[in-house]
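In terms of our numbering, the sequence shown opens at residue 1 and continues consecutively.
Take these hints with a grain of salt, some might be off.
[To be verified] Dumping the calculated DSSO-like pairs for lysine-lysine here, alpha-carbon to alpha-carbon at most 27 Å:
(1) K132 - K215
(2) K215 - K259
(3) K17 - K132
(4) K5 - K80
(5) K171 - K132
(6) K232 - K215
(7) K226 - K215
(8) K120 - K132
(9) K120 - K176
(10) K132 - K335
(11) K17 - K80
(12) K5 - K17
(13) K176 - K132
(14) K132 - K5
(15) K132 - K80
(16) K120 - K171
(17) K335 - K259
(18) K77 - K120
(19) K71 - K171
(20) K233 - K176
(21) K226 - K335
(22) K17 - K331
(23) K17 - K78
(24) K335 - K17
(25) K171 - K77
(26) K226 - K259
(27) K132 - K78
(28) K120 - K5
(29) K176 - K259
[Claimed, not checked] Quick list of the computed label-pair ranges, beta carbon to beta carbon:
(30) P270 - E300: 46 to 56 Å
(31) M1 - T274: 47 to 57 Å
(32) P15 - D261: 46 to 56 Å
Since the hints were made in silico from the structure, they are not lab data. Computed from a predicted structure; not experimentally measured. Every residue, glycine too, gets a C-beta built ideally from N, C-alpha and C.
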Amino acid sequence: MFATKGYATHAVDQPLKPFSFERRDPTPNDVQIDILFCGVCHSDLHIARNEWGGTVYPCVPGHEIVGRVVKTGRAVKKFKEGDLAAVGCMVDSCRTCADCEEGFEQFCDHMTLTYNSPDKHTGGVTYGGYSKSIVVDQDFVLRLPENLDLAAAAPLLCAGITTYSPMRHVKVGQGKKIGVVGLGGLGHMAVKFGNAFGAHVVLFTTSPGKMADGKRLGAHEVVVSKDEEAVKKHTSSFDFIIDTVSARHDVNVYLDLLKHDGTLTLVGIPPELTVAPFALIRRRRSLMGSLIGGIAETQEMLDFCAERGIVCDVEVIAMSQINEAYERVLKSDVKYRFVIEMGRE
């Protein structure tokens, strides 16, 4: 074991504060990474404050990790010292179930999350990227293309793959009309990917002030979702809609905008969901959920971003600013993702 430092919360009602802890020394298949940047996901806040239940304290959040390899185990073939590397939402899985064998490690019942999961190596729980270093099995470490801005690439490990994966699954591309609900950390990436895939992108936002930003990011049309008449003009016209909103809202409004055989995918996690059956039945519409992506697909996404010059819009902060950042996340006061620069005090 070796000592490292990070930020942790020790109880549901406590702020994050400096925390010293130990990481395992690399086993033969491990990669040790010095963390340079870590994105701040809204789920970090949910878990730190035990809003989804099951948080084990102390909790070190962070699953949008970019860094540089400083040490490798003797069996590691994929990375060498000095390489750029990235780690997303998971650091292990069973490797043998049907999901894992198909490259869908994110659906494995025994998938190990980057933080707040049982750690088979230490017997405790995993600690995430709000820290100086991390040790991960090489099979769950991603290659980070050299031409990507490191800070702006970090949120691709969650916000990027969360929106990329369902779009690839339903084959978003030329000739397709897609909708993006919400322009936050997830939504702004969905707009960028939809545009890059060649689709006609319509953004739905509750904030009129985000209309110009939506166009700048690649939306062809922006609709203020509180304007019922403007929304109704798109009835039965979409091939695909991705809903990134985690606040309570009426999903049936967007189901009604799908054409026959259209799909609405949820990637936001609202506290509850009520679906009108006829909204689905009348036009053979589908309601689908999606969760990040497998390791191979995440690497594909990073390579696609490198080819197209796609990164997240970020605000870089020091680790000491994390509690302020959490409060600003709750107010949607960020365009569009906070990223912690680990070397900045």
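Where does the structure disagree with the numbered hints, that is, which hint numbers, in rising order? 1, 5, 9, 11, 13, 16, 17, 19, 23, 25 and 30
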